[in-house]
Amino acid sequence: ILNVEQSPQSLHVQEGDSTNFTCSFPSSNFYALHWYRWETAKSPEALFVMTLNGDEKKKGRISATLNTKEGYSYLYIKGSQPEDSATYLCAHDNNNDMRFGAGTRLTVKP
Amino acid sequence: GAVVSQHPSRVICKSGTSVKIECRSLDFQATTMFWYRQFPKQSLMLMATSNEGSKATYEQGVEKDKFLINHASLTLSTLTVTSAHPEDSSFYICSARGRRALYGYTFGSGTRLTVV
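Residue numbers (my numbering), protein chains in the order written: chain A, 136 to 245; chain B, 10 to 125.
Note that these hints are calculated values from the structure, not bench results.
There's no promise every hint is true.
[Said to hold, decoys possible] In silico DSSO-like cross-links for lysine-lysine, where the CA-CA straight-line distance does not exceed 30 Å: (1) LYS50(B) <-> LYS204(A); (2) LYS23(B) <-> LYS177(A); (3) LYS193(A) <-> LYS177(A); (4) LYS213(A) <-> LYS75(B); (5) LYS193(A) <-> LYS23(B); (6) LYS75(B) <-> LYS64(B); (7) LYS29(B) <-> LYS50(B); (8) LYS194(A) <-> LYS50(B); (9) LYS64(B) <-> LYS244(A); (10) LYS73(B) <-> LYS23(B); (11) LYS177(A) <-> LYS244(A); (12) LYS50(B) <-> LYS193(A); (13) LYS29(B) <-> LYS193(A); (14) LYS64(B) <-> LYS204(A); (15) LYS192(A) <-> LYS23(B); (16) LYS192(A) <-> LYS73(B); (17) LYS73(B) <-> LYS193(A); (18) LYS29(B) <-> LYS75(B).
[As the list claims (entries may be wrong)] Which residues of chain A face chain B? A partial, calculated answer using Cβ under 8 Å: (19) ASN229; (20) ASP232; (21) ARG234; (22) ALA237.
[Claimed, not checked] Computed footprint of chain A on chain B; a stretch qualifies when at least three of its residues, placed anywhere within it, have a C-beta under 8 Å from a C-beta of chain A: (23) 80–94; (24) 116–123.
Note that the structure is predicted; figures quoted are calculated from it, not measured.
Backbone N, C-alpha and C define an ideal beta-carbon position, used for all residues, glycine too.
The task is simple: from the sequences and hints, build the whole structure.
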């Protein structure tokens with residue numbers, strides 16, 4: 136994998152549903168994997184920085200896993216709420232710069 | 010926490026004019042500034058990386074004479090789009106990394122540039 140790929144591109148879920156999306160990234164030159172939450176007209180907000188293979192991080196209802204050997208990370212949201220609606224970005228950090236995926240746009244319907 | 014202030018948030022300019030976008034780190038020293046551009050439904054694409062006091066390093070395909078980056082101090086970096094054309098209309102956003110931030114990058118809020 137040469138680029139950072141995110142899927143799906145967009146997702147619509149009902150309030151209360153749990154959901155997850157995928158980030159695929161180059162396993163070479165890996166330093167860290169970042170997840171950001173980005174609401175319109177605001178700065179992207181850092182959710183997680185993950186560095187170790189097998190790492191799993193949690194922040195409230197949101198959690199993420201990391202597999203550096205195969206180059207993927209999953210972001211999970213449990214019991215989605217309307218306020219979770221945003222674009223979720225992942226980025227591959229090679230310690231020189233970050234390369235982003237195109238994001239997953241999540242819409243949570245009340 | 011770390012904050013990066015980016016201005017302007019929106020700008021409309023005429024073809025042929027130049028536009029300057031500023032990013033200021035308010036409570037930390039930004040040793041490295043990254044400038045990204047995003048076209049609709051596409052990724053944030055890295056344009057250039059600048060270290061304080063050094064010339065910026067541009068990504069392949071990004072014209073350094075068109076997109077002038079200045080990072081003269083640890084708290085201010087600017088991107089000037091020179092002789093703007095309609096195809097330069099895009100969303101531009103900066104991201105700063107501080108000296109102590111091993112993994113932390115802080116983003117500005119972005120600038121929507123429209124060239125008419």
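Going through the hints against the structure:
1. LYS50(B) <-> LYS204(A): 29 Å, holds
2. LYS23(B) <-> LYS177(A): Measuring from Cα to Cα gives roughly 26 Å; hence the hint holds.
3. LYS193(A) <-> LYS177(A): 23 Å, holds
4. LYS213(A) <-> LYS75(B): Outside the cut-off at roughly 45 Å; violated.
5. LYS193(A) <-> LYS23(B): 47 Å, violated
6. LYS75(B) <-> LYS64(B): 14 Å, holds
7. LYS29(B) <-> LYS50(B): 24 Å, holds
8. LYS194(A) <-> LYS50(B): 28 Å, holds
9. LYS64(B) <-> LYS244(A): 47 Å, violated
10. LYS73(B) <-> LYS23(B): It holds: about 21 Å lies between the C-alpha atoms, which stays within 30 Å.
11. LYS177(A) <-> LYS244(A): 21 Å, holds
12. LYS50(B) <-> LYS193(A): 28 Å, holds
13. LYS29(B) <-> LYS193(A): Violated - the C-alpha atoms of LYS193(A) and LYS29(B) are around 39 Å apart, more than 30 Å.
14. LYS64(B) <-> LYS204(A): Violated, because 35 Å separates the two Cα atoms, which is more than 30 Å.
15. LYS192(A) <-> LYS23(B): 47 Å, violated
16. LYS192(A) <-> LYS73(B): Judged against 30 Å, a Cα distance of about 39 Å means the pair is violated.
17. LYS73(B) <-> LYS193(A): Between LYS73(B) and LYS193(A) the Cα gap is close to 41 Å, so the pair fails against 30 Å, i.e. violated.
18. LYS29(B) <-> LYS75(B): 12 Å, holds
19. ASN229: This hint is violated: ASN229(A) lies away from chain B, its Cβ roughly 11 Å from the closest one there, beyond 8 Å.
20. ASP232: 5 Å, holds
21. ARG234: 6 Å, holds
22. ALA237: This hint holds: ALA237(A) lies near chain B, its Cβ roughly 4 Å from the closest one there, short of 8 Å.
23. 80–94: Check failed, 0 qualifying residues.
24. 116–123: holds (count 4)
Against the hints set out earlier in the document, violations occur for numbers 4, 5, 9, 13, 14, 15, 16, 17, 19 and 23.
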